[in-house]
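*Asks:* Chain residues, written in single-letter form:
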Amino acid sequence: MRRLESRVNTQSPEFKANAKHNRALAEALHEKQRAARYDRPARDIERLRRQNKLTIRERLSELLDPGTPFLELSTLAANCAYGGDVPGAAQVSGIGIVSGREVIIHADDASVKGGAWYPLSVKKIVRTLDIAIENRLPVVHLCDSAGGFLPLQAELFADKYFAGRIFRNQSILSKMGVQQVAIVLGHCTAGGAYIPALSDYNVIVRGTGAIFLGGPPLVKAATGEDISVEELGGADMHTSVSGVADYPASTELHAIAITREIVGRFTRPEKTSVERCEPEPPFYDPGELYGVLPVDQKVQFDMREVIARIFDGSRFHEYQANYGKTLICGYARLWGMQVGVLGNNGVLFNDSALKGAHFIELCNQNRTPLIFLQNITGFMVGRDYERAGITKDGAKMIMAVACSEVPKLTVVVNGSFGAGTYGMSGRAFDSRFMFSWPQSQTSVMGAEQAAGVLTDIKIKQLAREGKNLSAQEIATIRNPILEDYRRQQSAYYATSELWDDGILDPIDTRNALAIALSAALNTPIAPPRYGVFRM
Amino acid sequence: MGALRRPPCTRQSADGETEMKHFFTVEGQSRRAWLASRGEQLILIGDRETPVRLVRGEGSASRLYVGDAVHDVLIAVNGDSVHVHIAGREIEVRFEAAVSVFEHEAEAHGDAIARAPMPGMVLSVAAVLGAQVAAGDVLLIIESMKLETAIKAPRAGVVESIHVAAGQTFDRDTALVTLAAED
Chain P
1 MRRLESRVNT QSPEFKANAK HNRALAEALH EKQRAARYDR PARDIERLRR
51 QNKLTIRERL SELLDPGTPF LELSTLAANC AYGGDVPGAA QVSGIGIVSG
101 REVIIHADDA SVKGGAWYPL SVKKIVRTLD IAIENRLPVV HLCDSAGGFL
151 PLQAELFADK YFAGRIFRNQ SILSKMGVQQ VAIVLGHCTA GGAYIPALSD
201 YNVIVRGTGA IFLGGPPLVK AATGEDISVE ELGGADMHTS VSGVADYPAS
251 TELHAIAITR EIVGRFTRPE KTSVERCEPE PPFYDPGELY GVLPVDQKVQ
301 FDMREVIARI FDGSRFHEYQ ANYGKTLICG YARLWGMQVG VLGNNGVLFN
351 DSALKGAHFI ELCNQNRTPL IFLQNITGFM VGRDYERAGI TKDGAKMIMA
401 VACSEVPKLT VVVNGSFGAG TYGMSGRAFD SRFMFSWPQS QTSVMGAEQA
451 AGVLTDIKIK QLAREGKNLS AQEIATIRNP ILEDYRRQQS AYYATSELWD
501 DGILDPIDTR NALAIALSAA LNTPIAPPRY GVFRM
Chain W
1 MGALRRPPCT RQSADGETEM KHFFTVEGQS RRAWLASRGE QLILIGDRET
51 PVRLVRGEGS ASRLYVGDAV HDVLIAVNGD SVHVHIAGRE IEVRFEAAVS
101 VFEHEAEAHG DAIARAPMPG MVLSVAAVLG AQVAAGDVLL IIESMKLETA
151 IKAPRAGVVE SIHVAAGQTF DRDTALVTLA AED
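Sequences listed follow chains P and W, in order. Quick note on my numbering: the first sequence kicks off at 1 and runs consecutively. Quick note on my numbering: the second sequence kicks off at 1 and runs consecutively.
Keep in mind that the hints were calculated from the coordinates and are not lab data. For clarity, every value in this text was computed on a predicted model and none was experimentally measured. Ideal placement from N, C-alpha and C gives every residue a C-beta, glycine not left out. Incorrect hints may appear among the rest.
Unchecked claim - For each label pair, taking beta carbons as the anchor points, the in silico distance ranges come out as: (1) V299/P - R56/W: 44 to 50 Å; (2) L362/P - N78/W: 32 to 38 Å; (3) L44/W - Y530/P: 44 to 50 Å; (4) G79/W - R50/P: 54 to 60 Å.
Stated by the list, open to error - If you only want the chain P side, here are some residues facing chain W, beta carbon under 7 Å, derived: (5) K298; (6) V347; (7) G446.
Only chain P is shown next, with the shape it has when bound in the complex (with noise of 0.2 Å):
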């Protein structure tokens, strides 16, 4: 496969004034990322010491295999939540590496509101695990939650999405043969106790740990029952007399080297093939992406310079490069992995779509996983492509997307807009990851647009009640709209909710998506299969 050959003059100022912009926005993700891990309330880090309990990131740091790559996953989860006082959804889940195996970590963080379960902490765990069950990724649990968050149970209890999903998919993840372990370093109560309970196995510390279906102030209220922690569901209980826990553990570091164990026991899977060869990086700098992205969201750019700037030796085998230019397709290589890549360049035409759904096809007829780069405004709209059947065409490519057998990556690295989103593996086409770049943004279409038809709405409103509006009067009730689309189109607003798995500094790119790759090759590649394409 030959290089790319970029044509991007990193000397000029348009790149110059570009790298400094970008290079600001990576900074500031990484500030915000340092602050959600770290920055705490000192009475919350004099409470874990108080308890002699390590903080979150220290367990992590006994748990994983030194000098292994750790992929934090939506470590923004709620950051533009609950006044923002709850940093990562009082979550920490990511890929990493115990004793020799890949697995994937579920943790309580306790330094934030006890560990309290918020709506989106549930939708950050029920992900984690969702992860664990289409990457077949053993599961190691870290339990220190006060359980639900009360005020707002409503929004975290009951659907089909909501909390019993976690036991659910813990459930599943055993019926597949997917190992979990769980470590008690704090209470588990009611639906929490679940968690140990439903794992392969669990380690319990003494004196911390705790599990029950109601601790001591419910039985006292319920029976009148005067009874301890330890007595009631203490380490010593429960590995001797209920055999709900398995492994007690006199301290917290003495339960992390006894789960280190347990996971040395797990036999490792067999990885899918795929076609694979000597990794080599990218012959272009990837501190160069910087300058490749526009300050300007609406200035076009070369896809093909951001996919030179990820991908091994910068080679790229391109597909059908003189049809349906606007959206790029070919082969690369990810760490030696090969890969299908499809990369906007424009919107996406009939013969775009049509090149996207062989193209997915042919990668599934390879056995080749997929990565989609996202730059997309939307299908073409307009008379002449209605009539030539745009929108059989994006169904097409929505259907081929949709029905892939092999593992899909997604980054949004610029605008995800529209049906664009969609065609383009968006979340709801379970892309096994997705992540964004700090500029990113998405939404149903642009925020001027959007802004543009709600005003124009309001106005006709207004006319019919024989009301007309100044143009001063017009901004005031546009302005607000197209502020808050601004802000809910934003990549920060997008992981607060888990629209996708984190934010990514553009450089990280290439590492981020080889571990997600590296995972999602646990699960064997069905044959492929479609649903009837619209001819």
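Fit chain W to the given chain P structure using the hints.
*Replies:* Below, chain W alone, put in the same frame as chain P:
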């Protein structure tokens, strides 16, 4: 990276693949050479098979065995180019992908027209009639479907005619700028 398990790899060529047919540009001349392995590495030039072996030494110093001859060489690799210091001479060997070599041979030399990739409106015109442009130079900026797109010169040439003006709308595939071939 610890997370990735690497399979035992078989022989690979300069671009990491199993393609063994190579083209090299040596001192401006294109040469074809195949690498093969029959127990030992062979280089095939024309009908001739010659065993080759490179033993890497300290830094850029290496020892190159070609047939019965032995050369002490210095080698520096820069992307697809290899600078070889051999027998008092410095030779640049440039690796070329077969698809590129044959593509260049077939390249057309006529006029080139920059066409509209999508319907839209001209925002600004950068091209100047009669001016010399290089491949990739911006000719004009268009706006369509909320995007600003730079229309670039498909190859080097002289701007022969500009078919649109700022503010003008156009359909897909409309000719925007015609470049005349260079003499």
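*Asks:* All the hints need checking, so say for each whether the structure fits it.
*Replies:* Now the hints, each set against the structure:
Between V299/P and R56/W the Cβ separation comes to about 46 Å, which falls inside the hinted range of 44 to 50 Å. In this structure, L362/P and N78/W meet the distance hint of 32 to 38 Å, their C-beta atoms being roughly 35 Å apart. Taking 44 to 50 Å as the suggested C-beta distance range, the pair L44/W and Y530/P conforms, at roughly 45 Å. Taking the beta carbon of each, G79/W and R50/P are about 59 Å apart, inside 54 to 60 Å as hinted.
This hint holds: K298/P has a C-beta 5 Å from the nearest C-beta of chain W, less than the 7 Å allowed. Given hint, V347/P at the interface with chain W, holds; its Cβ is 4 Å from that chain's nearest Cβ, closer than 7 Å. For G446/P, the shortest C-beta to C-beta distance to chain W is roughly 5 Å, which falls under 7 Å, so the interface hint holds.
This entry satisfies every hint, going by the numbered hints stated previously.
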